[in-house]
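With these hints in hand, go ahead and build the complete structure from the sequences.
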Amino acid sequence: MAKEFELNEVEVWDGNYATSQALRQAQIDVVAAYPITPSTPIVEGYGAYVANGYIDGEFVMVESEHAAMSGCVGAAAAGGRVATATSSQGFALMAEVLYQASGMRLPIVLTVVNRALASPLNVRGDHADMYLGRDSGWIQIDAFDAQQAYDLALCAFRIGEHHAVRLPVMTHQDGFTTSHKAQNVYPLKDEVAYKFVGDYKPVDEMLDFSRPVTHGAQTEEDWHFEHKAKQHKALMDSRTVIDEVFAEFKALTGREYKRVESYMMEDAEVALVLLGSSVETAVLAAKQLREEEGIKVGIISPRCFRPFPYDMVRDVIEDSPVKALCCLDKSSPGGAMGALFNEISAAAYSTGTRPLMTNYIYGLGGRDFSVDEAKRIMREQKAHADAGHITTEIQQFSGLRGPKLGFFETRRS
Amino acid sequence: MSRGVLSTDKRGMRELGAEEKVGWDEVTQGVALHTFEGSTQSAAFTRPEERAYTDFSSYTATVASWRVVKPVYNRDVCIDCQNCWVWCPDTSIISRDKQMLGIDYDHCKGCGVCAEVCPTNPKSLIMFSEMTENDEALSGWPEKKKKEK
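Chains A and B supply the protein sequences, listed in that same order. In this text, residue positions in the first sequence follow my numbering: the first is 1, and each later residue adds one. In this text, residue positions in the second sequence follow my numbering: the first is 1001, and each later residue adds one.
Hints in this document: simulated from the structure, not taken from any laboratory. Be a bit skeptical, because a hint or two may be false.
Said to hold, decoys possible - Mimicking SDA-like on lysine to any residue, the simulated pairs with C-alpha atoms at most 25 Å apart in a straight line are:
no.	chain 1	residue 1	chain 2	residue 2
1	A	Lys404	A	Gly334
2	B	Lys1021	A	Ala229
3	B	Lys1010	A	His215
4	A	Lys230	B	Asp1025
5	A	Lys228	B	Ser1058
6	B	Lys1144	B	Thr1132
7	A	Lys201	B	Thr1035
What you are looking at is a predicted structure, and each value in this text was computed from that prediction instead of being measured.
So this is what it looks like as structure tokens:
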């Protein structure tokens, strides 16, 4: 039996350490991992727990992230509870196998510490790797601080392993700003955490020799479409299970999570939509701006990046008087509008109120996003709302040096 | 062509791809395909024709149409050495109690390895055009070659 790890009611943990503790408490059978900044301490910590007898499981050292995720797929198909961690280039190298994992409906948990993608090479946090995963068929849940990184890693097992879901889950946290920032974290006791996560109940496991099974079969035009559609439906339907697991977690801990977090939206006339550690900055800026200048600002943050919560985004927009919505994307959009702008706009278009939608690209490669800059963007939204139309280009860049850069003007008057 | 050798089993019962095309709601989760109906404790000790193969096993499908040349087997020359059985990459040599019974024409791709490794003189397995009838092939079987000096 694994040894119990003594924990205080409140610990000072960074996001990485909090995540590795959550993985330890989930008592994973196999972790196959390859180190990469800034996620390394997650699996490094996990390896130490294995070595020191806190886990009854296997830690598999591999030669690359492609091999790491391949090892996870094999172990999950065999019938084990499986997890790993990665960032950035490592995530990109995993990309091929991510699609295998979701198509094979293997509930692997991947704790991603978000980091920019080269080139230029960069170890700091932005959302390029998280965005790269958005069509991979995984559930993607975003933590904004270390406590959430811990909580959501525990929830990830419950969600992905639910027999109505059977899909792999990524939890995300921002590189350095969350992964390396120590804060107060309230952990669950080992026994309580494990009871919440529950025993793993595998399906179609290869180690059940009484029912030989083929995993990873080839299909062509005759079958591929049906399997992909079934997978997509499972992902869409996972919304219900995510809501249930979050409700159960709240009952256990008092900490509430929603597929879309919103702050001060009830009376908001303008709002910012953003993800990750910037949410805290934006909420602080919104509170200050409300006090200082009387501008009613709200914040919307999709906790669940996939399945994208169109339903809840629409509700938040329609239940508020918001007139101008600015989506901030922390990833280089590569010849398009930011992904968050596209998703939120699609949801907003099917509301009766249809706010003015704009897009900022910000924070690339770990560029700082300040309270003052958040306030400037909020004031700009107020100007759009007062004018009744977008007064700037639709896509702009925040915190970028050099001549002002922007694309597309509105034709809506 | 007669299937002949073991006529009671589910081998090659259907053309590959001719199965019923069900909708997205009926396909298996994650393309996990079970080989046998129900559970089994003894598949390794049961002869193929006695196993409860599902349609997800290639055992029940025939891919005979992929082949353009085929091996023809001559019992009269065969010494049951099992060389072809060992080398066949598609387990298409049917053998029982170390006695060669014939070719599984539902799964043989016509690669010719069996004929290549056959040690008898003349060979007990020779490749013929798929269009040639087996009886015709057997009636013109070559004579034993004399050893060259």
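Here's how the hints hold up against the structure:
1. Restraint check for lysine 404/A and glycine 334/A: the C-alpha separation of about 18 Å stays at or below 25 Å, so the hint holds.
2. A hinted pair counts as satisfied when its Cα atoms are at most 25 Å apart, and lysine 1021/B with alanine 229/A qualifies at roughly 15 Å.
3. With a C-alpha separation of about 23 Å, the suggested pairing of lysine 1010/B with histidine 215/A holds against the 25 Å cut-off.
4. Restraint check for lysine 230/A and aspartate 1025/B: satisfied, since their Cα atoms lie roughly 7 Å apart, inside the 25 Å limit.
5. Between lysine 228/A and serine 1058/B, the direct Cα distance comes to roughly 23 Å. Compliance with the 25 Å bound is thereby established for this hinted pair.
6. For a cut-off of 25 Å, the pair hint linking lysine 1144/B to threonine 1132/B stands: about 22 Å separates their Cα positions.
7. Distance hint between lysine 201/A and threonine 1035/B is fulfilled; the C-alpha atoms sit about 21 Å from each other, no more than 25 Å.
No hint from the list above goes unmet by this structure.
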